[in-house]
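Trainee: Chains as they are written, first to last, in our numbering: chain D, 316 to 605; chain Y, 6 to 356.
Simulated from the structure, these hints should not be mistaken for laboratory data. Keep in mind that the hints are not guaranteed to be accurate.
[Claimed, not checked] Subject to a maximum C-alpha distance of 25 Å in a straight line, what follows is the list of computed SDA-like cross-link-like pairs (lysine to any residue):
(1) Y:282 - D:375
(2) Y:33 - D:424
(3) Y:282 - D:478
(4) Y:282 - D:536
(5) D:478 - D:343
(6) Y:235 - D:508
(7) Y:33 - D:603
(8) Y:33 - D:355
(9) Y:235 - D:481
(10) Y:282 - D:508
(11) Y:33 - D:430
(12) Y:235 - D:404
(13) Y:282 - D:464
(14) Y:33 - D:490
(15) D:378 - D:424
(16) Y:282 - D:404
(17) Y:349 - D:490
(18) Y:33 - D:429
(19) Y:348 - D:342
(20) Y:282 - D:482
(21) Y:79 - Y:92
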Amino acid sequence: MKELQELAAKLLADGAVQVVLGYEEGPRGVRPAFITDPAQAGRLVFDARCVQNLATYLNPRRKHIVQLGKPAVVVKGCDARAIAGLVRERQIARASVVVIAMRCGGVLQRAEENAALSSETTAARCAGCDAREPKLYDYILGELPPDPPVNASRAEKIALLEKMTPAQRKSFWDEELSRCIRCHACREACPMCFCVQCTAERALPQWIDPSPTLHANRAWQMMRVLHQAGRCVDCLECERACPEDIPLGLFARYIAGAVETRFGYKACDDPAVPAPLGVFSTEDGEEFIR
Amino acid sequence: MTQRFLSHADLAALVAAHKRVIAPVRAKDDARQTDYLPIQALADAALGAALPRRSLKEYFLPPTEVLLSYRQTKEGVEIKEVPTQAQPQVILFASPCDAAALEVVDKVMDWQYRDELWFGRREATTIVGLLCSSMDSSCFCSAIGLGPDSPRGSDVLLTQVEGGYLAQVITPKGEALLAHCAATEASAAAVAQAETARKQAREKVENNAPAIPNEFGAWLEENFDHPAWKTMALRCHGCGACASVCPTCHCFDIVDEHDSSEEGVRRRNWDSCQTAKFTLQASGYNPRQSQSERFRQRIQHKFSIYPKRFGEILCTGCGRCCRVCAGGMNLPEILGGLIALAKKDQGESGQ
Numbered sequence: 316m317k318e319l320q321e322l323a324a325k326l327l328a329d330g331a332v333q334v335v336l337g338y339e340e341g342p343r344g345v346r347p348a349f350i351t352d353p354a355q356a357g358r359l360v361f362d363a364r365c366v367q368n369l370a371t372y373l374n375p376r377r378k379h380i381v382q383l384g385k386p387a388v389v390v391k392g393c394d395a396r397a398i399a400g401l402v403r404e405r406q407i408a409r410a411s412v413v414v415i416a417m418r419c420g421g422v423l424q425r426a427e428e429n430a431a432l433s434s435e436t437t438a439a440r441c442a443g444c445d446a447r448e449p450k451l452y453d454y455i456l457g458e459l460p461p462d463p464p465v466n467a468s469r470a471e472k473i474a475l476l477e478k479m480t481p482a483q484r485k486s487f488w489d490e491e492l493s494r495c496i497r498c499h500a501c502r503e504a505c506p507m508c509f510c511v512q513c514t515a516e517r518a519l520p521q522w523i524d525p526s527p528t529l530h531a532n533r534a535w536q537m538m539r540v541l542h543q544a545g546r547c548v549d550c551l552e553c554e555r556a557c558p559e560d561i562p563l564g565l566f567a568r569y570i571a572g573a574v575e576t577r578f579g580y581k582a583c584d585d586p587a588v589p590a591p592l593g594v595f596s597t598e599d600g601e602e603f604i605r
Numbered sequence: 006m007t008q009r010f011l012s013h014a015d016l017a018a019l020v021a022a023h024k025r026v027i028a029p030v031r032a033k034d035d036a037r038q039t040d041y042l043p044i045q046a047l048a049d050a051a052l053g054a055a056l057p058r059r060s061l062k063e064y065f066l067p068p069t070e071v072l073l074s075y076r077q078t079k080e081g082v083e084i085k086e087v088p089t090q091a092q093p094q095v096i097l098f099a100s101p102c103d104a105a106a107l108e109v110v111d112k113v114m115d116w117q118y119r120d121e122l123w124f125g126r127r128e129a130t131t132i133v134g135l136l137c138s139s140m141d142s143s144c145f146c147s148a149i150g151l152g153p154d155s156p157r158g159s160d161v162l163l164t165q166v167e168g169g170y171l172a173q174v175i176t177p178k179g180e181a182l183l184a185h186c187a188a189t190e191a192s193a194a195a196v197a198q199a200e201t202a203r204k205q206a207r208e209k210v211e212n213n214a215p216a217i218p219n220e221f222g223a224w225l226e227e228n229f230d231h232p233a234w235k236t237m238a239l240r241c242h243g244c245g246a247c248a249s250v251c252p253t254c255h256c257f258d259i260v261d262e263h264d265s266s267e268e269g270v271r272r273r274n275w276d277s278c279q280t281a282k283f284t285l286q287a288s289g290y291n292p293r294q295s296q297s298e299r300f301r302q303r304i305q306h307k308f309s310i311y312p313k314r315f316g317e318i319l320c321t322g323c324g325r326c327c328r329v330c331a332g333g334m335n336l337p338e339i340l341g342g343l344i345a346l347a348k349k350d351q352g353e354s355g356q
């Protein structure tokens, strides 16, 4: 932690960056911090409660953050994938951000939880993580902790969904999506949702009804999830932001699995690796063309 | 205010006697949480470690509702309005912050025009509040001038005592609800027990945040351009989850949706000033360019604009906005910071 605080203070004092995006202790657990004064760098913390993906604040539509100046951002391996995504999709230049990567031993499900990592408390997305030591960084800090305990709840749920008949699966999702109020919090919190105008808000033509009716909710989530195929970094800011507690992480994992099977692609923190849907490859399967 | 004793059996009979009763129910996806949902029997109700995740708002202003349907004919446009009369319902174990919120929102719903759908549901509903015992560090109802034992908005307010509940009848509607109920006069012991419980509940929340001073609204208005706004909402995602779970946020958007080229419906849907689209104009210009300005609007509306117009703070201190925020924004903390700035200004101008 001291290493991180000293590095942040130095970057700010040297004028290498104008703001450090990190984590601090808040009234309800750990939360994002925006340090602009080197004297405040002591506020920075890093531990298993740091669930948030701070790369989402680099999204260029966040004008109030852009105005702070050049940022340094504290990332875990999963978050580094979002930076790579933003660079890959030409939203930010790699040189426009200083990446401070932390070697990660897994995170909790909630930032306000103060528990030891266990198979119940660890975030399900940490299971089988291959990015605990990020490769995309300007600085990398900490020792590599041991593998986190495996929370299999999401894998089990997906296995259960895959076993269902289409009608059963539809009724599962209809129950979940009937709660969606179309606030689009999932989109606003997402690091990879940076469209200037979202299709959900196009009125001419109106692709998706704006009202939270079941058929429109289905259309909205289908569109959002398909647009995330091969782009989603599985940080689950969407699921954390959802005020209706819809298990959006299931979509994220399912679609990532489909992309991996189909294109052999896994979200990674190398911006030079093209996204599967952003590149033409003669290797792509085309058995659906008859 | 009359006080009566209701045994668990009395309350169970009351639930059984009503067709539609809404109460906190254990959440399916998280055993620690509760949601306000319809119940069949008293045993279905559950009180959780925290407030129900979402407020009572959706039972009066649903996330989406049809206002009218229309059909284009050769003769012109046929319009069919929806009935404004609602089914009678009882809300049981309402949290005092949620019950009070309905009265606060009544003001705007009866301003310039009377919202018939809102008041149709308000009139058809009897609210049985319960002394709150599920407060956490984000609750700040007492800072708003309410409290875990506030009777505001409830028709009957219950306090758990040995063997049942002490019921304070607050309105004629509450009187009517208990008229067919085997409630007996409360014993002195039950009254004393309830009083102790209320005092303890108040003490639990009173230290969470300082009371909001009367002059705060005027200070906010004068300090619309204060530099503090610029950096206050950095961690805010602008996702509007706070507005969805807020018992007092009531903004809505009206849209027409076509079923075919000839017919369709006009709906109103929840909306939030925290999203960029809220103020986006047809020209493409947006008067609230960044999240700093949108967050300022949230604070100004709740603590300055609404109080100035209606004499009420548009917040009941339920703390849901803090619990749901993925970015870790914290309203009592932010209010504390602004109140400190206001006090500093006052100190300086007094010298």
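Trainee: It remains to establish, for every hint, whether it holds in the given structure.
Mentor: Hints, one by one, checked against the model:
1. Y:282 - D:375: Holds. Residue 282 of chain Y to residue 375 of chain D sits at ~17 Å (cutoff 25 Å).
2. Y:33 - D:424: It holds: about 18 Å lies between the C-alpha atoms, which stays within 25 Å.
3. Y:282 - D:478: 40 Å, violated
4. Y:282 - D:536: 19 Å, holds
5. D:478 - D:343: 38 Å, violated
6. Y:235 - D:508: 24 Å, holds
7. Y:33 - D:603: 40 Å, violated
8. Y:33 - D:355: Judged against 25 Å, a Cα distance of about 42 Å means the pair is violated.
9. Y:235 - D:481: Since the Cα atoms of residue 235 of chain Y and residue 481 of chain D sit roughly 50 Å apart, the hinted pair is violated (cutoff 25 Å).
10. Y:282 - D:508: 15 Å, holds
11. Y:33 - D:430: 23 Å, holds
12. Y:235 - D:404: Not OK: residue 235 of chain Y and residue 404 of chain D at ~29 Å, beyond 25 Å, violated.
13. Y:282 - D:464: 42 Å, violated
14. Y:33 - D:490: 12 Å, holds
15. D:378 - D:424: 29 Å, violated
16. Y:282 - D:404: Holds, at roughly 24 Å.
17. Y:349 - D:490: Given that 25 Å is the threshold and the Cα spacing comes to 52 Å, the pair is violated.
18. Y:33 - D:429: This hinted pair holds, its Cα atoms lying about 23 Å apart.
19. Y:348 - D:342: With a Cα-Cα distance of about 23 Å, the restraint between residue 348 of chain Y and residue 342 of chain D holds, given a limit of 25 Å.
20. Y:282 - D:482: Outside the cut-off at roughly 36 Å; violated.
21. Y:79 - Y:92: 36 Å, violated
In this structure, the hints that do not hold are numbers 3, 5, 7, 8, 9, 12, 13, 15, 17, 20 and 21, in rising order.
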